[in-house]
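Enquirer: These are the residues of each chain, in order.
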Amino acid sequence: MARIAREYKHIQATLGSESSLVVSLEPIDGDLSRWAGEIRGPTGTPYEGHTFSLRLVLGDRYPTTPPQVTFARRSMPHCNVNYETGSICLNILTPEHWSPAWDLLHVLEAIIQLLSDPEPDSPLDIDLANILRAQDRSAYYGLVNYYLQS
Amino acid sequence: MSDTEVRAQLREIFRREGLGDSTTVLQLLSQLIPESLQEEWLDQMAEADKKGCPESFVDSLPRVPKSEISPSSSCSICYVNYLNDGYPLVVRLPHCGHDFDLECLSVWFSKSTSCPLCRDDVLSHRAEVDTSQVELEEDWGMYG
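Heads up: the protein sequence lines correspond to chains A and B, in order.
At position 119 of the first sequence (counting the first as 1) the number is 119 in the numbering used here, and the numbers step up by one without a gap.
At position 43 of the second sequence (counting the first as 1) the number is 1043 in the numbering used here, and the numbers step up by one without a gap.
Treat the hints as calculated values from the structure; they're not laboratory data.
Since we're looking at a predicted model, the values are computed, not measured.
Among the hints, erroneous ones may be present.
[What the hints assert, rightly or not] Here are the in silico distance ranges between beta carbons for each label pair:
#1 30(A) x 1024(B): 27 to 33 Å
#2 94(A) x 1057(B): 21 to 27 Å
#3 1035(B) x 30(A): 45 to 51 Å
The beta carbon of each residue, even a glycine, is placed where N, CA and C say it ideally should be.
Just chain A, with the same shape it has in the complex (with noise of 0.2 Å):
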């Protein structure tokens, strides 16, 4: 059995705790190559009590590769996801710092932790990145959720 299908097995044994946040995480059309994942802001952050959704596609050597995950397009302002288009920019979902030993919820808890810990050097959003460098936290924080309300 590919090691995917394990990975569902697992998934659906885990998910539904109430202290998760990652809320649902689900192949699109039973299709394993395609999920749709949904996760709550962490608390403390501006993102607390929205929920996001994401893609998330792996390629036919997936664990081998990293899947490629994205949010749905104008939902995140964070310095290190482009808002137009949802692209996250995130060192473990590069084929230099992946390891085969994660797996999909793995990949939902570090963007979540990197909606905790936004990076501003190495940033898709430059402007949400210059007001982090200049340690400006509160009033990132204003813009994030600015954007999250409009």
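Position chain B relative to chain A; hints supplied.
Expert: Then chain B, alone, in the frame of chain A:
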């Protein structure tokens, strides 16, 4: 082959298998650039693809005997319990001690040189062994 033929073939490949077989696509695409650059380009592509461990390294990894495999342990790459297989081929990385199915690890090491669990660069330890052997040979030359 003329450009039109190359285009027709590319269209055929994409219709048949999408981007699945990139080798054929690359070979065809290379025919669209000047002949003098074709070989160099393909060589560079092959080089960029490698970066893994030599096969001899994977072959040299110590096997874990079946009697030492605990019933609950599984491969961190395929997530399958080792003992599901009546004849498990499990190898252990000599430096960090992490173990994996030989088959899973050799696929990973064809592209990478780091342990999937701790990121230890497995080839970095091999170099030390190599130098010591070189020194040994030189000593033999001087005194032998």
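Enquirer: With respect to the beta-carbon atoms only, verify the hint that residue 30(A) and residue 1024(B) lie 27 to 33 Å apart.
Expert: Given a distance of about 30 Å, which is inside 27 to 33 Å, the answer is holds.
Enquirer: Taking 45 to 51 Å as the hint, is the beta-carbon distance of residue 1035(B) and residue 30(A) inside that range?
Expert: holds, 47 Å
Enquirer: Can the suggested window of 21 to 27 Å be confirmed for the beta-carbon pair residue 94(A) and residue 1057(B)?
Expert: Cβ of residue 94(A) to Cβ of residue 1057(B): about 24 Å, so the range 21 to 27 Å holds.
Checked against the numbered hints above, the structure violates none of them.
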